[in-house]
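Chains as they are written, first to last, in my numbering: chain A, 127 to 352; chain B, 39 to 201.
It is possible that some hints are incorrect.
What the hints assert, rightly or not - If you only want the chain B side, here are some residues facing chain A, beta carbon under 8 Å, derived:
id	residue
1	50
2	73
3	74
4	104
5	114
6	116
7	119
8	120
9	124
Said to hold, decoys possible - Away from chain B, derived, C-beta distances all over 10 Å, residues of chain A:
id	residue
10	137
11	193
12	277
13	279
14	290
15	291
16	316
17	324
What the hints assert, rightly or not - Partner residues are not named here, just some residues of chain B that face chain A (Cβ under 7 Å, in silico):
id	residue
18	128
19	129
20	181
21	184
22	187
23	194
Note that these hints are calculated values from the structure, not bench results.
Glycine residues also receive a C-beta, built at the ideal position from the N, C-alpha and C atoms.
Now for the letters of each chain:
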Amino acid sequence: MAIINYANKEVQFKIVYYGPALCGKTTNLAYIHSQITESNKGQLVSLATAADRTLFFDFLPLNAIAIRTFKTKFQLYTVPGQVIYNATRQLVLRSVDGVVFVADSQWDKMEENIESFRNLEENLARQGLSLDTIPYVLQLNKRDMPNVAPAHYLDFLLNDRSLRVPSFECSATTGQGVFDTLNTVSRLLLVKFAREAEAAATVRARPTPNPMAGIAAGVRDHQTLR
Amino acid sequence: MSPTPIVTLAAAEKLLKTLEEFLDKSEAFFALVIDRGGTILSQTGRPPDGADITVLAALAAGSFAATRELATRVGESEFNALYQQGSHFHILMNAADDDTMLVTIFGKQTTIGLVRFYAARTAEQIAIQMQELRAGVSDAPPIFTEADLNAAGQVFEDIPPKP
C-alpha cells in the first residue's frame, strides 16, 4: 500500500514484476535502469545466484513525476521465478501496490505461464489481495524470439477474465514495450490511489446522520398509529 | 494487515526526535525506521560512506522478513530482533510492530549491549507512535485528484525513443 510522507512531500508505491523463471523480469529492470537519468534512479540491486538467477529479488528505486506538490516514487521489485522459491515470492509481494505479470511468449512456456499466474493469485490471496482489486498489466515478453505464440492466444490464456487488463507485446532485451508497460501500470496505480482518496474525502464530507433521528421518527409514527 | 500510515509533519518530527534521542543514548551512528515493504519512514544520523539508504531499507526489510519466516518454519514464534556483526560496522534490526522496524548501524564506539537495550525501548516508543499514525489515516485529505494526474502527463518522462 502506498505511503504518503508529508514531511518529504512524497508518495511511494511498490510494483512487483512477477512471472515464470527466465521470462525476463530482471531484464526489464536492467533496461529501465539503463534508460532513466541518473537523478531519477537509485542503484539496481540484484540478489542472484552464481548463475545469475534471481535468488531473492531485484530492486530498483525510481523517481517519477511530481503531481501538485508531491513527488511520486516507485520501487520496482522482481520475484525469483523458479518454483522452489515460493516462500521468497510471498515475502516480496508484501505491501505490493501494483503488479506486472511478465509472460514468456514462447510456445513451450505456456504451462509455466499459467502455473506462475495461478501462483500469483494464490500468493496475493494469502495477503488478502486479489487481481480484481490490485492494478496490474500483462507483458507478453520475448516477442523477438522465434516460435512465439500469437499475442491473442496469450491474451486468451492469461487475460480471459471479467476485467481485462492492458497487455503489451515486448522485448525486454531491446526495450520494445518496456516503458509502455511501466507507464501504464504506474498510471493505473496512481488513478486508483487518487480515486480512493477522493472517495474517502467525499464520505467524510457528508453530514453525519443523527442516530437518534430515526428512533424519534419511529416513536412518533408508533404514537400516531395508536 | 494494519492500514498504511500517513507520515504527517508532526508525526515525522516526533519520530525523528525519538531516533535522535536513541542515537544520543546508544552512541550508534545511524538509525532508520522502515515499513515491512522497505519504505523509509524516518532516518537520522550519519550512514556509512556511499551507502544508498533506499537500497539499505529494501534489503533490511527483505532480510528481516526472510529470517522471521525461517524462524517460524522451525517452530519459533518469537522473533523480535536480528543482529549482524561485522568487523567495522554492525547492524541491529528490531521489530517495532508487525509492519514497522528499527534499523540501527553502529561501530566500535559503543557496544551491542547498550545498543540492544536502547533499541528495544525505542522500538516500543515507535510502535506507539505508529499506532497513533494509523489512527489518523482516515482524516488525511487527498494529496492529488485524478484531474491533477491527467494534467501531469506521463508518469515516467525519461521514455527513450522506440527502437
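Right, here's what the structure says about each hint:
no. : hint : result
1   : 50   : holds (3 Å)
2   : 73   : holds (7 Å)
3   : 74   : holds (6 Å)
4   : 104  : holds (6 Å)
5   : 114  : violated (16 Å)
6   : 116  : violated (19 Å)
7   : 119  : violated (18 Å)
8   : 120  : violated (14 Å)
9   : 124  : violated (18 Å)
10  : 137  : violated (6 Å)
11  : 193  : violated (4 Å)
12  : 277  : holds (17 Å)
13  : 279  : holds (24 Å)
14  : 290  : holds (21 Å)
15  : 291  : holds (17 Å)
16  : 316  : violated (5 Å)
17  : 324  : violated (5 Å)
18  : 128  : violated (21 Å)
19  : 129  : violated (16 Å)
20  : 181  : holds (5 Å)
21  : 184  : holds (5 Å)
22  : 187  : holds (5 Å)
23  : 194  : holds (5 Å)
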